[in-house]
Amino acid sequence: MKLINEEGLRTDGRKFNELRPIKIEVGVLNRADGSSYIEWGGNKVLVAVYGPREAFPKHTQNASRANVNARYNMAAFSVDERKRPGPDRRAVEISKVIGEALRCAVFTEQFPRTTIDVYIEVLQADAGTRIAGLTAASVALVDAGIPMKDMVVGCAAGKIDGKVVLDLNKEEDNFGQADLPMAIIPRTQEIVLLQMDGNMSRDELEEAVELSKKASMYIADLQKQALLAKYKSQENEKEGERGE
Amino acid sequence: MNVLDIERKIVLPGEEISLEGMKQGNGIYHENGKYYSYQLGVLQTYNSYANVIPLSGKYYPVRNDRIIGKVIDVAPSFWIMDIRGPYPGFLHINDTPWKNMDQDLNRILEVGDTVFLKVNEITESRQIWLSVKDAGLRKLEGGHIIMVQPTKVSRIIGKAGSMVNTIKEMTGVKIQLGQNGVVWLDGPAEKVMEVRKILRYIEKEAHTSGLTDRVKKMLEEKR
Numbered sequence: 001m002k003l004i005n006e007e008g009l010r011t012d013g014r015k016f017n018e019l020r021p022i023k024i025e026v027g028v029l030n031r032a033d034g035s036s037y038i039e040w041g042g043n044k045v046l047v048a049v050y051g052p053r054e055a056f057p058k059h060t061q062n063a064s065r066a067n068v069n070a071r072y073n074m075a076a077f078s079v080d081e082r083k084r085p086g087p088d089r090r091a092v093e094i095s096k097v098i099g100e101a102l103r104c105a106v107f108t109e110q111f112p113r114t115t116i117d118v119y120i121e122v123l124q125a126d127a128g129t130r131i132a133g134l135t136a137a138s139v140a141l142v143d144a145g146i147p148m149k150d151m152v153v154g155c156a157a158g159k160i161d162g163k164v165v166l167d168l169n170k171e172e173d174n175f176g177q178a179d180l181p182m183a184i185i186p187r188t189q190e191i192v193l194l195q196m197d198g199n200m201s202r203d204e205l206e207e208a209v210e211l212s213k214k215a216s217m218y219i220a221d222l223q224k225q226a227l228l229a230k231y232k233s234q235e236n237e238k239e240g241e242r243g244e
Numbered sequence: 001m002n003v004l005d006i007e008r009k010i011v012l013p014g015e016e017i018s019l020e021g022m023k024q025g026n027g028i029y030h031e032n033g034k035y036y037s038y039q040l041g042v043l044q045t046y047n048s049y050a051n052v053i054p055l056s057g058k059y060y061p062v063r064n065d066r067i068i069g070k071v072i073d074v075a076p077s078f079w080i081m082d083i084r085g086p087y088p089g090f091l092h093i094n095d096t097p098w099k100n101m102d103q104d105l106n107r108i109l110e111v112g113d114t115v116f117l118k119v120n121e122i123t124e125s126r127q128i129w130l131s132v133k134d135a136g137l138r139k140l141e142g143g144h145i146i147m148v149q150p151t152k153v154s155r156i157i158g159k160a161g162s163m164v165n166t167i168k169e170m171t172g173v174k175i176q177l178g179q180n181g182v183v184w185l186d187g188p189a190e191k192v193m194e195v196r197k198i199l200r201y202i203e204k205e206a207h208t209s210g211l212t213d214r215v216k217k218m219l220e221e222k223r
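Here the protein sequences come in this chain order: A and B. Using the working numbering, the letters of the first sequence map in sequence onto residues 1 to 244. Using the working numbering, the letters of the second sequence map in sequence onto residues 1 to 223.
Just so you know, these hints were derived from the structure itself, not from any lab. One or more hints might be untrue.
Residues on chain B that point at chain A, a partial pick, calculated with CB under 7 Å [unchecked claim]:
#1 L40
#2 V42
#3 P86
Remember, it's a predicted structure, so these values are computed and weren't measured experimentally. Positions of the beta carbon are idealized from the N, C-alpha and C atoms, including for glycine.
Chain A on its own, in the form it takes in the complex (with noise of 0.2 Å):
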C-alpha cells in the first residue's frame, strides 16, 4: 500500500508534519471531581478523574504518597470489529504506562493514603488513542484541582514509506513500518512516555522525537485554551440548572 503520493502528501492529504484536527472539551460529567472530552482526529475519547480519595483495599495505600491509578478501556463499539469487552493485554499495559506518565507531574506526596483514580474511555478509535487518552487525562486532571506541576502532553510518530511523519491514523499505522507514542512534560522538556512498535533507525528516531515535541507544544496551548474556555464560557452563559 502506497502512504505517501507523489506530491509528498498522505492518503488523508496531510503533510509528513501536519497533526489531525484536535478539540478538547473541559468538564463534560458532572459526577466525577474532573472530567474532559477529546476528539483527535477520529479518535474520540472520554476521561474522568476521581480523587485524591481513600485508596482501597487499604494494603494499595502508600503511607507516604497518593497513587495515580490510571485505567485505559476501549469501548466494544469504537473499532470496526467487536473489540472482546474488558481489559486484555494492551489495556493493561497502555493503563500501566499512562499512570506512570500522570504519576510524573502529579505532587503525590502532598496527599499520603490516597488514590487518584482516571478512566479513560476510548469510544472511538483511529490510532494514537493511548496519547489522545493521556492528553484528555492531564486536562481532566486539572480540572478536578489536582496539585501538578505542569501538564502532561503528547503526540505520536512514526515512519510510512521510508519517512518518517506526525501523528499516524489507522492505515499508517497498520501499513507502516514504526509507530513511536511519546508524551512530554512541556515546561521541562522531560519524556515521561516513549514507546516504540515497528524499527526505525537511531538518526530517524531523533527525527521522530524532534517532531513529536514540536507538535506537543503546539497541543500543550489547545489544552490551556481548553481549560481556560470553561472559565470564560460561564462568564457570558446564562444561569442554568445543574444537578446534583
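With the hints as your guide, set chain B onto chain A.
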C-alpha cells in the same frame, strides 16, 4: 504572570509566576529559583503573600474549620464521618456534648445523620478528629442539603459574611455553611429553591468581581 497585574487572573499548573517581592503563598511551588502555580486557580495577593486560590478541587481540612459531615459508620466509641475530603473524619464521643449512657452510639447519631462540627485536630498520619463541643455546633435536623464546590465557599460567605447575610435577610431561609462545601438550608420549599439557584449562580461566577451586588439585584427582582 506578574503578581502585580490586575486582580483575579486565572493561572494554570506550570504557569510561571514572577513574585515581584511578594512572598510565596499557597498553590505555588518553586524550582530552580523560579516560581510556578501548581493548580488551576485565581492569582491573588494578600498581606504581601501571593496565593493561587483554586477554582476546583476537593475539601482539604484545616484546623478549626466549621464543616458539615455525614455519619458513614458507627464504631464502639466514635463515629466515622464523610467530610467530602480525601480522608474520612472521626468524631469521638468525648468530643461531643452528649453522654454515652447506654453504650450504644446509634442512639445518639445513626448512619446518614448530618452534623455541623469543627475540625479539632489533624494528626501527622492525616487522621482527622472532629468535635461538636463549641458554640453553634449541633446535629442538623430537618432542612435541605445542597452541595457546592468547597473552593467556592469563601465566595458564598463574602467579605465579612456580606454575601450570606444578604441572602439570609432577603429570603428568610436559615443557612448553615460548611467550609467543606455542604450547605444546610431550612425554610419554605420555594424559598429554599430560590437560595439554591443563587448558590449555583455564585458557584458559576465565583471568579468574577462585584458578585454581592449582582446577587442583591437578583433577589430584589424576585420580590
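(Q) For each hint given before, does the structure comply? Return the numbers of the non-compliant ones in rising order. (A) Checked against the structure, the only hint that fails is number 2, while the rest are satisfied.
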